[in-house]
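4 protein chains.
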Amino acid sequence: MALTAPLHGVIPPVCTPLDPHGEVDTASLTRLVCRLLDAGVHGLFALGSTGEAAYLTNHQRATVLETVVTATAGRVPVLAGVIDTTTARVLEHARTAVALGADALVATAPFYARTHPREIAAHFRHLRTATGRPLIAYDIPVSVHSKLSPALIRELAEDGTLAGLKDSSGDDGTLRRLLVALGGRTGRHTGPAPAFAVLSGSELTADAALLAGADGVVPGLGNIDPTGYVRLYDAARAGDWPRATAEQERLVRLFDLTDTGPEDEMGRGSSALGGFKAALRLLGVIACRDTAVPQLPLSEESVAEVGRRLTEAGLLPAP
Amino acid sequence: MALTAPLHGVIPPVCTPLDPHGEVDTASLTRLVCRLLDAGVHGLFALGSTGEAAYLTNHQRATVLETVVTATAGRVPVLAGVIDTTTARVLEHARTAVALGADALVATAPFYARTHPREIAAHFRHLRTATGRPLIAYDIPVSVHSKLSPALIRELAEDGTLAGLKDSSGDDGTLRRLLVALGGRTGRHTGPAPAFAVLSGSELTADAALLAGADGVVPGLGNIDPTGYVRLYDAARAGDWPRATAEQERLVRLFDLTDTGPEDEMGRGSSALGGFKAALRLLGVIACRDTAVPQLPLSEESVAEVGRRLTEAGLLPAP
Amino acid sequence: MALTAPLHGVIPPVCTPLDPHGEVDTASLTRLVCRLLDAGVHGLFALGSTGEAAYLTNHQRATVLETVVTATAGRVPVLAGVIDTTTARVLEHARTAVALGADALVATAPFYARTHPREIAAHFRHLRTATGRPLIAYDIPVSVHSKLSPALIRELAEDGTLAGLKDSSGDDGTLRRLLVALGGRTGRHTGPAPAFAVLSGSELTADAALLAGADGVVPGLGNIDPTGYVRLYDAARAGDWPRATAEQERLVRLFDLTDTGPEDEMGRGSSALGGFKAALRLLGVIACRDTAVPQLPLSEESVAEVGRRLTEAGLLPAP
Amino acid sequence: MALTAPLHGVIPPVCTPLDPHGEVDTASLTRLVCRLLDAGVHGLFALGSTGEAAYLTNHQRATVLETVVTATAGRVPVLAGVIDTTTARVLEHARTAVALGADALVATAPFYARTHPREIAAHFRHLRTATGRPLIAYDIPVSVHSKLSPALIRELAEDGTLAGLKDSSGDDGTLRRLLVALGGRTGRHTGPAPAFAVLSGSELTADAALLAGADGVVPGLGNIDPTGYVRLYDAARAGDWPRATAEQERLVRLFDLTDTGPEDEMGRGSSALGGFKAALRLLGVIACRDTAVPQLPLSEESVAEVGRRLTEAGLLPAP
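Protein chains in written order, with the working numbering: chain A, 1 to 319; chain B, 320 to 638; chain C, 639 to 957; chain D, 958 to 1276.
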């Protein structure tokens, strides 16, 4: 499916269900994709951080993308994460993703290697030139340990290198400066880079991002409650901010399911991903809640806590 | 003036005008305070980071606070920053501030010394017990290099240690989780700590903070355009989000005046503080745009750029 | 070649010469390996950070390792870096490295993904179990953004998971605590993990590391002056500290060749790797000084500066 | 006492004994100073981080310095820490320290405020001009959150602003580059800044620092075992590196007394300072092991562990 308009709406970063051997559970993944599409999401982001891309082999990544593209069947755009340390390695993922039918590519700045902003710009320009697909910059300092500056993003938006930004920096003030520089809430698509899409990765401030003029949101929690995020997005588009905010607050409470793993026992990443998968298992969407090695699993007690959050949010009947 | 209700509204962190010898220019400071009050601000925060408190001697700090309290004359609450490394030193500032008539105290976690969250909690409890004034926690990781967790803030809100939070962390997602935990947008003052005030320090996402249920904003840029922030606040209170957002976007553009100093020549702090003071000088509010030693001054070229920003924002006629 | 004793001595992290198309220049790489072996180095570390492993595709990595193993012909142990984000991806590199004849594997903690120390331990245990080769932990916080604690290293040394540590943390104090815990300078190989090798990655404090009881050094600058590091090592083994220190000081001066790229124009990584390669080109060892995309190249002026450093160190005649 | 030669030798950062009310215990402090002098230390550093300067009021700081100067009675130089956020505040401490008889001043870069390297240079130049006493730069990124670059230190050494550096950065590689640039181990005092003293703050690599040409060491653990550090220094001066290293290894083991407080219960700072004070109490030097508010105290169990470390190091008879 060609991108005929800037990306927009609710674009969940799709979780990657695994079986007890650590292999991709394509049946569960297909169920998850269908549930998201039925909920009315506007796009899907496969192989992002929430999709455990950093934990998957190249072969597993291809399986994931193929499954998502097939299940989506062109109904919405599929964005493919191409996460790797530097340009040559990212390019290999990008070529596979293009061959498998991804509509757009999502790439971070180089990591592990330390690079200068001029080198980061060269990285994105190489990727754009070599793939010919819309390229989305993925700003995720918590993983990459550098921040993409608004000046760099604007330069790459204005020269056509980037078709969009997925902002997972958590720095809503800097994102706001970028949005205003690109034309602001009402002038976003008449500004200096009219076709450029700004997507917020925040589960917690989606209403604020939309108020500020973001085109869409990429919430990991959208795997669990896609209907809630679609309602939030629709309310925001309609200018009904009290309703958007009420929906957001319910989702903020639900987000507590990412924190059930004890801080002194496991990583915040494995607590969050484990929480998402435990919820999807409790909701009957996926068959197994395993996360990839070497992440530690949630305890039964933590899973019970996840269940309580689902009940409170109205997603699961009281036991 | 006793605080009879939670703090709310626009509470600018007041700049500290200096004369060419580096001493506090009390006449300019009085003019600045009067201009802010005339604009309808709801409180004043003296001796914050924007007030260059970290650059002022104890004697200069007392001069600042005395001048602000006198000029305010009880019309709005005066919050006093009590910024220092650890408890005993902060307490000395707190006692002076109480004696000079501050209505509330604003303290950070310890810095320079490395402290554990349990020690940070003990710090705030000591301050509260020893001063008997409302205590606001100042969360500013860029200066203090630790972040106050929502769990810690809630604990200290619920046991009455803290009367509020000034959030300058830039982490709007975490702030949102706190606001929801405290009752959310509509339940904020019926929640577990009903009298607790949440104030956002962000110039750039004030509309979003108010949408999320924050009680007020503490924008450094409010020194320059207090009327703009009061309009934004009033629009938000009235639920007129398109107007609040339009005002916010104008202020985001104006905020570019903090960036006129070249990055390879001076600190981001001195560029921002120099920009605020250059603007106040151009607006005729203060007599001299000097910032405290060892900050480097803005060039004439940078000051001219500040002037252009004021003109664009409608605060200064075109030259 | 089986490792019959703990690793020791000078084990340079071998640079990866590239041709103008960015492909591995195997002829230059073979010349480089032979020059290092002729200088008397005690091992070779292929595919480390200095070898630009993060910039090479899987195919290129295999070419590098095959070339190094072939050129080495069993004369010294070949260590292979297996650098990737998490366990499953690292395992794929490890299996290839074993098949190509690596004598030991060098792996970092997971990166990009955020992991807990318990998860990092699980990562190393998985790698060890699945490969059956000696496993060296690579502690490089500047790239990985977490530090391996001495307690974790000891635990994994004592249970046989790790055969050694390559310390590139720059934290010589913490390394010292580990060395003492392992038995200290004279008791190193009678201590709790007698076969455990401690290797310092510091070019600048190799003498100090050896004084403290490290078994060997892995200096990137050893690509340029392997004879110097072998002399340093031999002096240290002989207890001739004045000679070891004099050699170290000459090498510290030579290390200035890593800094010739201007800080506001290129990354510190590309300045250092570009400096190494420019030096190897000037010394006639490799055919082309290109570094991998997206690193920017050194200017001619910087290359001339590299030449002056080589001349000062006695490696190149005055022009 | 005028400094007639560069500072050198063992210069412990003197602990500040407190009474149960949190006030300076001058009798204990006098005993501690006399014990250090009796052990043959070459200087004393009052009001450093180990001296809890960040926790002391201005009045308490003056009491400390006065007590140390009086007890020292000119036998060795007394260095005074003048730790505060920015220039004007540091200058007030500096003037007091000069009046109380400090032989040299030890100042960090500004903190809390964010400053540019050019502003940090201006800070040191202001301090030097205004005080007329030898000025030592205190490089302690863990507290100040910026690192003094070797280029900056050299510039300020060569123009006479700085009389020395106290390096508590833990970055021994960078320190080595500075030492070599200043002339290296044998040319240190014939180099570009001959009277410049380089002091290492590391307890753990004092032998390495002296091997590299440092003039002296400032070990917090020197409060507990000054004789050990003096033996280490004398061995190093005599070129007896096996003896220096053996002494260092004993002291590394003793340093474990800084780690007895559990990581999930108290800060690393309070564990270390509490360990030092518990040891001094057990050795009968000070009357009370309290650390300043809001630091949490060591448990009795931790204190017992401190005692075992003292016994193992030969400083206390077995119980």
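Rather than coming from a laboratory, the hints here were simulated on the basis of the structure.
Note that CB positions come from ideal geometry on N, CA and C, so glycine has one too.
Treat the hints with caution; some may be incorrect.
On the chain B side, residues computed to face chain D include the following (Cβ under 10 Å) [unchecked claim]: (1) Thr376; (2) Arg473; (3) Glu474.
To be clear about the criterion: a stretch of chain A counts as covered by chain B if any three or more of its residues have a C-beta under 8 Å from a C-beta of chain B, and this derived list gives those stretches [stated by the list, open to error]: (4) 78–90; (5) 113–121; (6) 138–151; (7) 197–209.
Going through the hints against the structure:
Proximity of Thr376(B) to chain D holds as hinted, the smallest CB-CB distance being about 5 Å (cut-off 10 Å). Residue-level restraint check for Arg473(B) is violated (minimum Cβ-Cβ distance to chain D is 19 Å; threshold 10 Å). Evaluation of the Glu474(B) hint against chain D yields a violated restraint, the C-beta minimum of about 15 Å exceeding 10 Å. Residues of the region 78–90 of chain A with a Cβ under 8 Å from some Cβ of chain B number 0, which does not satisfy the need for three, so the listed coverage is violated.
With 0 residues having a beta carbon nearer than 8 Å to a beta carbon of chain B, the region 113–121 of chain A misses the requirement of three or more and the stated coverage is violated. Here's how the region 138–151 of chain A fares: 0 of its residues keep a CB closer than 8 Å to some CB of chain B, so the rule of at least three is not met and the hint is violated. Taking a C-beta to C-beta cut-off of 8 Å, the region 197–209 of chain A contributes 6 residues in contact with chain B, enough for the three needed, and the coverage statement holds.
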